[in-house]
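Chains as they are written, first to last, in this note's numbering: chain E, 1 to 182; chain Z, 1 to 456.
It is worth saying that the hints were derived from the structure and are not from the lab. One or more of the hints may lead you astray.
What the hints assert, rightly or not - One-sided and incomplete, this derived list gives chain Z residues near chain E with beta-carbon spacing under 10 Å:
no., residue
1, Trp-3
2, Leu-8
3, Gln-9
4, Val-11
5, Ser-16
6, Arg-65
7, Ile-69
8, Arg-263
9, Phe-273
Just so it is clear, CB atoms sit at the ideal spot from N, CA and C, and this is done for glycine as well.
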Amino acid sequence: MALDRIGIVRDVSAALAALGGSITHISQTVMRGYFTLILSVEMHEERTQLEIRQAVERAGAVGELEVNVRPFVEPPSAEPRSVERFTLSLRGADKAGLIACATTYLAAKGISIEDVYAYVRDSRALVLAQVRVPADLDVEDLQTGLQDALSDFEVAAHLQHENIFKATGELEPVLGLQRIKP
Amino acid sequence: MKWVEDILQTVDMLQSEHLDVRAVNMGIDLFDCADRDIERACRLAKEKIIKRAAPLVRACESVSRRYGIPIVNRRVAVSPVADAMAGHGGDDLVRFARSLDEAAEEAGVDFIGGYSALVQKGMTVSDKALIETLPEVLSQTSRVCASVNAASTKAGINVDALLLLGEMWLAAAHKTASADGFACCKLSVFANIPEDNPFMAGAYKGIGEPETVINIGVSGPGVVKRAIERLLQSGRRYDLGSLAEEIKSTAFRVTRCGELIGREVASAVGAQFGIVDLSLAPSPEVGDSVGEIFESMGIARVGGPGTTAALAMLNDAVKKGGAFASSSVGGLSGAFIPLSEDASLARAAEAGHLTLDKLEAMTSVCSVGLDMIALPGDTSAETLAAIAMDELAIGVVNNKTTSVRLIPVPNKRAGERAVFGGLFGECPILAVPNGTSAAFVRMAGRIPAPLVSLNN
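Extracted from the complex, chain Z is given alone in its bound form:
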């Protein structure tokens, strides 16, 4: 009977197909903590974060127990630090980052995002200071995540910022060389960064967001994979259209569960509910992989011909299901392809089927971008900047979010393995032509906004 099938499908989705709430993210405004005295600013920020975020952990636990849906990560995102702490120099910003780290630890949250700068059109003094502190902050704190919005459809691409970031990637990797450059895992560089993204490392509390807000990230690659397998094994006639429909209705169910949890948590902590971000965010665990979805769709070699089309269909169906499920869908909402965090994708790269070029092509049809990509340690700053420029150009021209999370792995070469551990996973180091675009990148300045930006 249909209703029995529906009930059992929902039970399976929760019990055996890895549906979870990947991240409950509390956005906390820190502009009222700004002070010329950095010690006072640190104290105010720390007190505010602990006061607001400590109940979050209890609320997540209670709602998770009641509904039987695991909440994997509890996170905090604060106002972009470069703006909230404008006027402070590098040493003060590092001091402030340490306070954020301490506050996150005391509140019991896994990560704290918002060590961020929005520099798509240019850098202020404090933006530049913040970017220059990234190696120190990311190597000396354990929970602080950083993001830089270096491009937008309206502003174009800030190549000056990307050149500086190229140097910072190398310096941050160097400072954590024994951990394969792990510091870089906590830095995302964006085009068109969303203000309500609950996923790290790119989460920050947008300027237009409420005082305290709960944004929630639901995942579920395993659920989508099982839905596809069920359709293929059902004996029913199917084609790619029906496959897309199946993914869409699964996305609907996943989004609805997420919104329910998000609203309950927001009410319990007295915060506004922001958005539910339905993203297929893989983890290194078997059965929690976007790469495995491709395989279930009939792509025997992930990265081979057809992969980009499969990803486009998957991403679109996920968005449509999410949009129908809720009026509060936001963030990134699509399929992620973080290389080291998805065991199936990492295997495809190891086998040589998934290359940097193919990954870049795939990012033109999905969210978010070149994510968790390990590169040879001798990759130059200009080459890192150029890779970022390529990726951000896709976002700028197509009026969508793209980002890069690049990890130049010190003392390792293409083909060797980078190991980051835990949810960050491991992957082979991808080959990249080094130094071929230095003259172009060194021209610096800003690539102007594309024609598509003139839409008013």
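If we strip away everything but chain E, and leave its shape as in the complex, we get:
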């Protein structure tokens, strides 16, 4: 993480290449002027976590880059239950604890969050999250339960299946989006 400037990805990737590393995945974003970057790198030679961290830190000015290096551990591959992707939107008055309340409800239902985006503007909060919902849960019940859980907050909560967004936002034929196959 660092204050954003032009050239951070260039500097970091050059430092890793100099160590003989190949980047396999990148996720990068800038939020309110702060740059964050997550990289997955395959090292062709034996390197310690410290070696890698120092090499990347040296790619920026002194104290500019905050770096954390971890060995990659394969996550458990099998989903215990079949899941479907939904987009959760929360919109309304900003109040401390909103995200904590919503995510507590989701976690209790076994719903995992893949991606989340949120901001507050003019005292109005917006949270958009891509979540994985176990297929055996009733979406309408979830929706009602979530709205009830958020009753102390003046927000509208909506869970919408990802296919709706694919259908309305992409040109792929709808036939390919069918959940129930003919």
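Given chain E, work out where chain Z should sit, using these hints.
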């Protein structure tokens, strides 16, 4: 950010702008239920409809819950009864209609269409028998809808059938006089009737359609209205071209949602998916009105100058958006202007801005026609037939679908109010010059097909 805007727009479309699936219609073929013994035919048809349609209700509920899109009506359309039950007389056909009504009730569907006859070039014995039973059937059943195709571009206009229908409109209205002639709300008379229309009262299962088929009708006047308002309030530069583009892209999104739902329902019930009909079908609810779209476009008085052009642009943009969204767009796909079902249009008629003449002009550029029009109870059969002839002529010459749903309201005069209730709404009774065309209509026969039909 654009992607956030897109997501929120889609959420709003579903949650606060009344996007819904107006009708999921299951077409069921009934030709294999034909039998000389009417009791056996009724039993076979009833069993088949219940067997096929009962899972439809469950499938609609499950898909609707998963996607959060309401499915307002679940309907069934059967093969045109005049053909499927050819050889039976009037009493048998009424008996058969009652079976359809019972089957619809048991299966849990809202309406069942297909009490229909295709008579554009002439009437068979059973076509005529079916038309003559319309007053009895429409007044004694609650879910049966009827349609008659009395004209086509290829055949011309069957005036004999329209004269007979003129009498039937009056008789059906008379039998339901206490409900302002409600029976007529369940009868549409067409030119160029589509075989895959999911909307009532004109839905039937076309001869060329599969054994069982799901056709879906998506609506969304509220969504289109909000899209227009968003553009006008965006601060961006706009003109009528950009307005049309906005409507088109909204129609694209609505159609795609509809197709997704339709395909899921079809798969769940093991039927073929037919078409998605993107029609702006209003309901009496505020915010679900085609008239309100005109107002948002800047037409202060719906029915005033500019209304027909606005409707033409709206209808065209809706079709273009739908056509780009899906290769399975069919049915009527355009803007409906049913007077009693659209509170804004009904208000315009009440204020005298929207007249029968203007409505007829508007139907030349939209789907479907003079829909849900309440007329004085003393309108003659010839005048009703003549109004239908005018409307169907627009369809025949322009090679498009047009239809009429006329309700002569017994014991009421122009300016009084007709109240049908529920989604059928209410509206003022429109004035019509009565009896002025009787001599023309009574010549009867068939108006020949226009030159445009010779296109092979």
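Consistency of the hints with the structure:
1. The beta carbon of Z:Trp-3 is positioned within 10 Å of a beta carbon in chain E (closest approach about 8 Å), and the interface hint is therefore held.
2. Look at Z:Leu-8: its Cβ gets to within about 7 Å of chain E, closer than 10 Å, so that hint holds up.
3. About 9 Å separates the beta-carbon of Z:Gln-9 from the nearest beta-carbon of chain E, less than 10 Å, and the hint is met.
4. Hint on Z:Val-11 holds. Least Cβ distance to chain E is approximately 5 Å, under the 10 Å limit.
5. A hinted interface residue such as Z:Ser-16 counts as satisfied when its beta carbon comes closer than 10 Å to some beta carbon of chain E; here the least separation is about 9 Å, so the hint holds.
6. Among the interface hints, the one on Z:Arg-65 holds; its C-beta lies about 4 Å from the nearest C-beta in chain E, closer than the 10 Å criterion.
7. Annotation: Z:Ile-69 was flagged as interfacial toward chain E, and the flag holds, the nearest CB pair being 8 Å apart, inside 10 Å.
8. The interface hint given for Z:Arg-263 holds, since its Cβ lies 5 Å from the closest Cβ of chain E, which is under the 10 Å cut-off.
9. At about 8 Å, the closest approach between the beta carbon of Z:Phe-273 and any beta carbon in chain E falls short of 10 Å, and the interface hint on this residue holds.
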